[in-house]
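K.L.:
From just these sequences and the hints, can you work out the full model?
2 protein chains.
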Amino acid sequence: MSSLAGTPLTAVPFTAVKFTDRFWAPRLEINRTVTLPCNFKACEETGRIGNFEVAAGLKPGEFQGIYFNDSDVYKVIEGAAYTLALRPDSKLDATLDGLIAKIAAAQQPDGYLNTYFTLVEPDKRWTDLPVKHELYCAGHLFEAAVAHYQATGKRNLLDVAIRLADHIDGVFGDDRLVGVPGHEEIELALVKLAEATAEERYFKLAQWFIDRRGQSDREYCQDHIPVRDQTEVVGHAVRAMYLYCGVADVARRTADEALRAMLDRVWRDLTRRKLYVTGGLGPSAHNEGFTSAYDLPNETAYAETCAAIGLALWSHRLALLYGRREYADMLEQVLYNGLLSGVSLSGDRFFYINPLASRGEQHRRPWFDCACCPTNVVRFLPQVGGMMYATSPASEATGQAEACPGLWVNLYAASEAAVKLEGVDVGLIQETDYPGFGAIRLIVNPSRAATFDLHLRIPAWCEGAMAKVNDESVDPTPDATGYLRLRREWRKGDTIRLNLPMTPQRIAANPNVTADVGRVALRRGPLVYCLEAADHGGSVRDLALPRDALLEARMETGLLGGVVVLRARGLRRAPTDWAETLYRPVGADAPASLTAVPYLAWDNRGPGEMVVWIPETPALAELRPAPSGASEGKANS
Amino acid sequence: MSSLAGTPLTAVPFTAVKFTDRFWAPRLEINRTVTLPCNFKACEETGRIGNFEVAAGLKPGEFQGIYFNDSDVYKVIEGAAYTLALRPDSKLDATLDGLIAKIAAAQQPDGYLNTYFTLVEPDKRWTDLPVKHELYCAGHLFEAAVAHYQATGKRNLLDVAIRLADHIDGVFGDDRLVGVPGHEEIELALVKLAEATAEERYFKLAQWFIDRRGQSDREYCQDHIPVRDQTEVVGHAVRAMYLYCGVADVARRTADEALRAMLDRVWRDLTRRKLYVTGGLGPSAHNEGFTSAYDLPNETAYAETCAAIGLALWSHRLALLYGRREYADMLEQVLYNGLLSGVSLSGDRFFYINPLASRGEQHRRPWFDCACCPTNVVRFLPQVGGMMYATSPASEATGQAEACPGLWVNLYAASEAAVKLEGVDVGLIQETDYPGFGAIRLIVNPSRAATFDLHLRIPAWCEGAMAKVNDESVDPTPDATGYLRLRREWRKGDTIRLNLPMTPQRIAANPNVTADVGRVALRRGPLVYCLEAADHGGSVRDLALPRDALLEARMETGLLGGVVVLRARGLRRAPTDWAETLYRPVGADAPASLTAVPYLAWDNRGPGEMVVWIPETPALAELRPAPSGASEGKANS
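Order-wise, the sequence lines are chains B and Y.
Residue numbering for the first sequence follows this note's numbering, starting at 1 and increasing by one per position.
Residue numbering for the second sequence follows this note's numbering, starting at 1 and increasing by one per position.
Don't read these hints as lab results, they were simulated from the structure.
Facing chain B, according to a computed beta carbon distance under 10 Å, are these residues of chain Y, among others: (1) R268; (2) R273; (3) V277; (4) P297; (5) Q505; (6) R506; (7) A509; (8) V517; (9) G518; (10) R541; (11) L582; (12) Y583; (13) V586; (14) E616.
Ideal Cβ positions, reconstructed from N, Cα and C, are used throughout, including at glycine.
P.N.:
As structure tokens, then:
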């Protein structure tokens with residue numbers, strides 16, 4: 001899966017995109033007004049912020065919590081900074097400055113910063129890289145610092161990050177300490193810091209951490225073989241995703257074909273063999289990660305929210321690196337399903353684990369001792385706007401075609417954007433009810449008439465796309481990249497109408513996925529659906545969907561914030577009591593009305609069973625009196 | 001599930017039953033002529049017999065193999081003794097005497113006998129009861145000795161057993177060594193020895209070993225709580241079965257209601273929640289045993305052959321203890337499926353593990369380093385005749401009805417039997433092609449006219465049983481025991497015709513068994529069926545059975561020794577290449593002819609895939625052009 005375009009695409013920053021829709025705009029507002037404050041509050045109440053004050057000598061006390069708790073504070077700051085970037089807020093600005101002052105005060109004179117080690121094991125710095133998360137915490141500090149600097153222009157946190165980065169750069173090296181983090185994160189963060197500061201040393205250090213992996217036998221943290229030799233996604237899922245992000249960041253900026261080849265191999269392994277239909281990943285609680293090919297149990301799926309976020313970040317990087325639909329499709333798949341399932345509609349409760357079937361025992365919780373997921377949600381969501389568009393230079397971005405600048409549309413949502421494309425300011429307005437419906441109006445407003453390629457992603461899930469430019473039909477067939485390329489001299493007000501029919505689909509899994517054999521998942525547009533107890537009298541595990549049942553899509557504005565549900569005439573299998581029976585002859589099924597809701601919205605109506613993969617049954621028409629079906633060739637005499 | 005009859009039934013010994021059928025008679029002959037010699041040969045070649053010679057000082061050498069290898073030799077002797085009992089064989093008799101001489105020579109002056117400890121850890125006797133299997137090996141010696149004594153009347157092995165039993169009785173006790181075996185077996189064996197020798201001390205010792213369990217935390221060997229408090233089948237499956245056999249043996253001879261209550265609880269837990277449809281049990285390789293309720297994966301099913309044998313032995317004991325159909329039904333279920341699958345039709349290859357689905361990688365092998373299964377098969381099969389009939393005294397055996405002696409028919413097979421029933425010799429002739437067909441003629445030949453109850457098991461799987469006595473129809477409805485009770489003055493030549501229709505059935509599993517959801521198993525009479533690669537062009541994992549497909553039963557005399565196959569018009573799902581696809585919209589299926597063969601006979605035609613649980617699909621009639629099935633309530637505009 002090598003690149004068609006030699007030059008990677010460049011993302012249009014999230015600050016240039018404003019959602020005006022009913023899907024993302026409310027979610028970002030809830031993230032700002034609910035999720036962010038409750039994350040701050042939890043960090044305060046659990047001593048995560050206090051750890052900095054104690055380490056700084058600002059107050060007495062002991063280290064509280066887990067040794068990687070600093071990272072949670074950094075991630076909340078990162079999320080707050082993005083929020084500030086989207087919407088000025090002097091109170092939040094001041095809050096951040098106060099918090100940053102505590103962090104800066106906790107930094108040691110030599111630049112070292114980690115409250116756990118400073119307070120608990122001051123003599124043990126950098127001695128347990130595989131387990132303790134010093135480099136991981138540092139990475140999250142760097143990401144927060146870059147976000148804060150870019151949002152506010154202030155260097156107060158950036159300077160802390162630089163001091164720590166310089167310290168790390170002084171500690172690690174081939175002639176100094178050789179070692180790699182047990183939990184990757186610093187690699188991608190160093191690349192960000194390098195770009196924000198134009199300091200090449202940080203990029204080199206990121207490369208070094210990637211190049212030095214593979215000297216141990218720790219498959220759990222992708223340290224079992226050198227990165228360039230890795231062929232399968234293994235170990236802890238979040239760590240794997242963060243590593244691949246860092247590798248993609250390095251590959252993007254170098255001619256390192258071996259890194260790209262490795263990314264292609266692990267991408268293929270993940271997406272062809274080890275991924276839930278929700279985009280969830282890492283099936284096992286045992287290692288919070290990957291197991292063997294096709295081992296995708298539903299009820300015990302781990303599918304950590306952070307892993308989904310990691311996959312979204314990685315998919316976006318590859319979408320930019322390669323300019324191919326597959327990666328943006330993946331981004332969409334995980335975003336609208338296994339990632340958003342991680343946070344409640346109310347914004348104050350979180351899933352750490354995202355199963356694809358439940359007996360009703362899993363529920364989102366306000367916080368976790370290991371709080372990586374809530375703090376990842378709060379920093380991820382404001383970035384989504386930055387994943388919608390990208391640009392490519394005139395040089396060679398479109399492969400075969402004549403050189404021409406490109407504007408790429410990866411995601412669809414009602415929004416307004418301001419894109420800079422080789423000297424032209426291009427305003428973009430999307431009018432759509434996506435992901436509820438697939439009709440999209442895209443209005444292009446260049447500051448002056450300009451010729452460029454508009455690349456519209458035609459999702460692989462879509463059959464029968466239609467496109468018009470200024471009411472003239474155009475061939476909707478995508479090119480080899482999977483994008484529909486429209487080249488013309490664009491003028492203010494030019495309007496593209498794109499229709500991506502969202503016919504409800506039954507999805508089957510590869511027969512090697514034993515958990516899903518005989519079952520189908522329902523998908524409509526980018527959304528994967530599930531059956532919830534709330535719509536089915538309390539139980540869904542015995543419901544089944546006949547192959548011939550019509551799937552009717554209907555917008556329910558009052559349900560779960562407004563969702564399109566799928567309705568079908570289904571069956572409730574063997575509705576009698578099985579309690580004392582393990583096996584028995586197949587019985588007649590009872591009719592049942594099925595209502596499927598988007599998976600991302602499950603568990604927002606109280607406890608109850610849930611299934612994504614629904615057993616398929618005989619066609620309804622066949623269930624007349626009682627199951628026929630037995631004859632004997634040679635009778636018993 | 002308490003007893004209706006106060007007095008347990010008494011089994012008619014296997015020596016009183018002679019198979020004349022095409023199912024058991026050839027199997028017993030192959031067991032005698034193939035399985036027994038190859039077991040002896042393997043025991044010789046692997047040093048198992050040599051260990052006794054070395055321990056006896058008869059030849060130089062070291063202990064070979066695993067510390068419980070003595071037990072294999074004892075089990076083969078037990079099997080050989082049963083064979084001798086069924087058919088005199090002076091050469092085999094002499095072989096056994098020679099082998100017994102070696103065993104006797106290896107016995108230590110104080111009665112101790114275990115070649116591993118004598119040769120390897122002479123100072124460590126009885127110091128590692130949870131792991132090392134001294135008491136387990138002793139139990140198998142006792143069983144072999146009783147079998148040999150009863151078959152030949154010779155005391156050469158019995159005296160060895162008595163000396164060891166007396167030694168153990170002297171070592172263990174509340175004021176001596178308190179401990180219990182990690183692997184149960186000695187309990188049931190001591191009861192056998194007690195009966196054969198009329199020595200009450202051995203029975204007391206069996207009781208003591210049961211009463212002393214529960215002082216550790218070892219759930220693996222059912223030692224985690226006192227036996228009478230146990231409620232679930234846990235741990236190693238073979239150990240559990242052997243324990244329950246011993247408990248049943250003690251419960252049968254005492255008024256210990258707490259033991260019966262415990263048996264009832266674990267029986268219920270096993271048969272309602274933790275049993276494969278084949279009668280296989282113990283799903284996990286991890287502990288060779290039980291996991292959680294409804295955790296019954298097919299491909300990774302452990303379902304050890306020895307566990308199936310253990311369940312058959314336990315079921316038979318409960319069938320005698322309670323006189324209820326449920327237990328004999330269970331005996332039949334495990335016997336004809338998950339037990340016999342453990343040995344090839346040729347008699348010289350064995351399964352240790354009996355999965356319910358295979359990718360073609362499992363095959364029977366001639367022997368195992370841990371050879372418990374082959375040696376268990378060889379000693380179990382000759383006993384089957386002893387499970388067919390039982391008698392009950394006139395006292396109270398039939399519960400509500402007036403006192404009358406009872407003759408119980410538990411299993412059906414063409415055979416001749418000589419039963420002693422309260423002073424009357426009753427000859428019984430069964431004429432039938434069972435389990436091929438369900439028509440049975442039972443001719444009763446009492447030595448004089450005699451009134452007794454004939455109890456005929458009407459299997460729970462059977463619908464529409466019919467019965468005639470001397471061509472007069474009788475009501476086939478079973479009484480509360482599940483047996484059809486026929487009381488009359490029986491005269492020589494009285495003939496019962498019983499028809500147990502073997503309509504092929506689709507079996508569903510409790511929906512909690514996630515591995516089987518959307519799937520059916522096929523059963524006809526007592527036989528569970530499977531699909532094998534050999535009948536389906538090499539692959540069966542993508543085959544499916546429409547709910548409306550007729551199941552046609554047909555005797556194939558040339559196939560697998562003569563079996564009834566089930567044929568149906570089925571489907572091959574999504575026959576295109578999935579290799580690079582994990583999920584995709586449901587596709588159209590292709591027609592396929594399905595041929596199911598009895599599970600017990602699988603893997604007798606070379607390597608290949610196999611499934612017991614077959615995915616169910618829509619009715620064939622529905623698969624006309626392409627799957628319809630999608631409409632959109634509110635169109636995309």
